[in-house]
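Enquirer: Chain A is fixed; fit chain B onto it per the hints.
There are 2 protein chains.
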Amino acid sequence: MPEGVRVAVVGATGAVGPVLLELLHERGYEDVSAFASARSAGQRVAYGERELEVEEATPEAMQSGGFDVAFFAIGTAASRELVPAAVAGGALCIDKSSAFRLADGVPLVVPEVNGERARAHDGIVANPNCSTIQLTCVLKPLHDAAGLAGARLATYQSHSGAGAESVRELLAQAPGEGHVTMDWPFEGDEFEEEDKLREETRKILELPDLHFQATCVRVPVLVGHAQAVWVETERPLSPEEACEALDAAESVRLVDPYPEPRDAVGEDDVLVGRVRRDPTTANGLALFIVCDNLRKGAALNALQILELLQDPVVVADDRRLRAV
Amino acid sequence: MPEGVRVAVVGATGAVGPVLLELLHERGYEDVSAFASARSAGQRVAYGERELEVEEATPEAMQSGGFDVAFFAIGTAASRELVPAAVAGGALCIDKSSAFRLADGVPLVVPEVNGERARAHDGIVANPNCSTIQLTCVLKPLHDAAGLAGARLATYQSHSGAGAESVRELLAQAPGEGHVTMDWPFEGDEFEEEDKLREETRKILELPDLHFQATCVRVPVLVGHAQAVWVETERPLSPEEACEALDAAESVRLVDPYPEPRDAVGEDDVLVGRVRRDPTTANGLALFIVCDNLRKGAALNALQILELLQDPVVVADDRRLRAV
Numbered sequence: 001m002p003e004g005v006r007v008a009v010v011g012a013t014g015a016v017g018p019v020l021l022e023l024l025h026e027r028g029y030e031d032v033s034a035f036a037s038a039r040s041a042g043q044r045v046a047y048g049e050r051e052l053e054v055e056e057a058t059p060e061a062m063q064s065g066g067f068d069v070a071f072f073a074i075g076t077a078a079s080r081e082l083v084p085a086a087v088a089g090g091a092l093c094i095d096k097s098s099a100f101r102l103a104d105g106v107p108l109v110v111p112e113v114n115g116e117r118a119r120a121h122d123g124i125v126a127n128p129n130c131s132t133i134q135l136t137c138v139l140k141p142l143h144d145a146a147g148l149a150g151a152r153l154a155t156y157q158s159h160s161g162a163g164a165e166s167v168r169e170l171l172a173q174a175p176g177e178g179h180v181t182m183d184w185p186f187e188g189d190e191f192e193e194e195d196k197l198r199e200e201t202r203k204i205l206e207l208p209d210l211h212f213q214a215t216c217v218r219v220p221v222l223v224g225h226a227q228a229v230w231v232e233t234e235r236p237l238s239p240e241e242a243c244e245a246l247d248a249a250e251s252v253r254l255v256d257p258y259p260e261p262r263d264a265v266g267e268d269d270v271l272v273g274r275v276r277r278d279p280t281t282a283n284g285l286a287l288f289i290v291c292d293n294l295r296k297g298a299a300l301n302a303l304q305i306l307e308l309l310q311d312p313v314v315v316a317d318d319r320r321l322r323a324v
Numbered sequence: 325m326p327e328g329v330r331v332a333v334v335g336a337t338g339a340v341g342p343v344l345l346e347l348l349h350e351r352g353y354e355d356v357s358a359f360a361s362a363r364s365a366g367q368r369v370a371y372g373e374r375e376l377e378v379e380e381a382t383p384e385a386m387q388s389g390g391f392d393v394a395f396f397a398i399g400t401a402a403s404r405e406l407v408p409a410a411v412a413g414g415a416l417c418i419d420k421s422s423a424f425r426l427a428d429g430v431p432l433v434v435p436e437v438n439g440e441r442a443r444a445h446d447g448i449v450a451n452p453n454c455s456t457i458q459l460t461c462v463l464k465p466l467h468d469a470a471g472l473a474g475a476r477l478a479t480y481q482s483h484s485g486a487g488a489e490s491v492r493e494l495l496a497q498a499p500g501e502g503h504v505t506m507d508w509p510f511e512g513d514e515f516e517e518e519d520k521l522r523e524e525t526r527k528i529l530e531l532p533d534l535h536f537q538a539t540c541v542r543v544p545v546l547v548g549h550a551q552a553v554w555v556e557t558e559r560p561l562s563p564e565e566a567c568e569a570l571d572a573a574e575s576v577r578l579v580d581p582y583p584e585p586r587d588a589v590g591e592d593d594v595l596v597g598r599v600r601r602d603p604t605t606a607n608g609l610a611l612f613i614v615c616d617n618l619r620k621g622a623a624l625n626a627l628q629i630l631e632l633l634q635d636p637v638v639v640a641d642d643r644r645l646r647a648v
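Chains A and B, in that order, are what the protein sequence lines are. Mapping to the working numbering: the first sequence position 203 is 203, numbers consecutive. Positions in the second sequence are counted from 1; adding 324 to them yields the working numbering.
Only chain A is shown next, with the shape it has when bound in the complex (with noise of 0.2 Å):
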């Protein structure tokens, strides 16, 4: 029901952005404007057939636009500031930074995972981290079959998670250039990016004890993220039982004998394969994850969230998507 939603993008000339007007427009909205900070405003962005002159940015931008919906796809301080001015412009804001994902009352949503948190929002509705939700989406069918018990990773993450600066360093390298880089903060014996991942999946699968370890890397790759999982569950479940698991869940394709990241570029779903045994311990299993960071990973999962309020069911009493 795309129609008569006014929407905003801030953060329209990143990494994110552009895939986020890519679906807007194969969906129809009509009424969508791009912003972006001060230094990429009079940029032009793609829409369709058309152009979109990218404005800037400014709290009063926001508050004043009259969005009924607003994409926030930039980094966590400049989301702090502007998105809690669009929400006093009443629009619904669907935020991808790290600002508001584990604050209490902010609905941190994975529409297949936990869709049915997204409704309690207060004009905030969190878009989790590209690796968490790959990540979510393939635990969540194990969780429901099996019960979860933990869960370590390593991460193949390429650079586009990591922004449109990111991707022009790899774009500027010379062939055989390309490095396997951890370019998050370091603090204590982690990442950043990994406290992020353990924390986000708690919170969303709501085991918020939940035995949990990664390790994350960034690889030499434009696009497409892999996880090398391995679960352990509460009650026995052969890799036979963890595929039909998966096969039913919402957005996971089963690949046989494994994908590779660049099988997820382009595509929806998030891809699963290597489904096996982990010999190492009782009720362990082994699974390889890929999917496109920038559609399931971002921009497609803030969509969806949208999409999900949209339900007549769940928006009925939702003051902000009323006239939708």
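What the hints contain is simulated information worked out from the structure, not anything from laboratory work. Predicted, not measured: the structure shown is a model, and the values here were computed from it. Keep in mind that the hints are not guaranteed to be accurate.
Just some of the chain B residues that point at chain A, by a computed CB distance under 7 Å [unchecked claim]:
no., residue
1, G474
2, S575
3, P581
Okay, the calculated bits of chain B under chain A, using three or more residues with CB under 8 Å as the criterion [said to hold, decoys possible]:
no., stretch
4, 510-523
5, 532-541
Note that beta-carbon positions come from the ideal geometry of N, C-alpha and C, so glycine has one too.
Expert: This is chain B only, laid out in the frame that chain A set:
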């Protein structure tokens, strides 16, 4: 003691051969012959200021060359044909292929880990898989400290580990075209590389039933392998105790807080960091290991095997190195 030792390097035009030639030259070996397949015969390879003309590696050339030592850094099928000929000709053969690694009676040697096994050779000492070498260098001191109960790991393996052709493919890619791939034969539910890594680790550590699972992944990087590792020990081992054990281990260097793979390129040591508790299990530790897969992961380890066998104590009754 390189004087008078007659050395053959078979696979001189591959990914590992040139590194081996560089190391041999640094150590003062003078009588070195370079071999490769018929396709590469006639090429010239650098040996210090000199150049060596590459000869065709035939069984006849191997058998009649009068070599004291022959290093093989070629494919498995070629090693199966050429190594026995060189053994028949009286050479000590140090073979990098997987042809003989798991054969009974063939020592599979990482000098710092199980160097004492090298002496029992009958003409062939096998050089482990590059991933196995860096892993066992780190697992051994942990095993000695607290008993190794199990290991899981995800690898980030560079293209040079797959040989010169894989390097050329990476160098021919446009910026941003790099992908995460899995380019090994796949059988049952694992890659051949994962099977090698498990079985070689078990043989080297002499833990035939070690609980072990690897997920092997190729990343678009030229040189430098990384591993995200989880280990479980039989007895409790704190991260501090683990670091002490690793710090005391030969050829292992702790990097605080963590090494990136490029830090290892051109270095002799295996670098390890991120030594931390694995909160998902009792007696669990997580680590991150990086290594130059062409040096310690291949050429350097091979040369260290030779140097170990040249030790006068070891050599006393070694029929092949009696002249050294």
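Enquirer: Looking back at the numbered hints, which does the structure fail to meet, lowest number first?
Expert: 2
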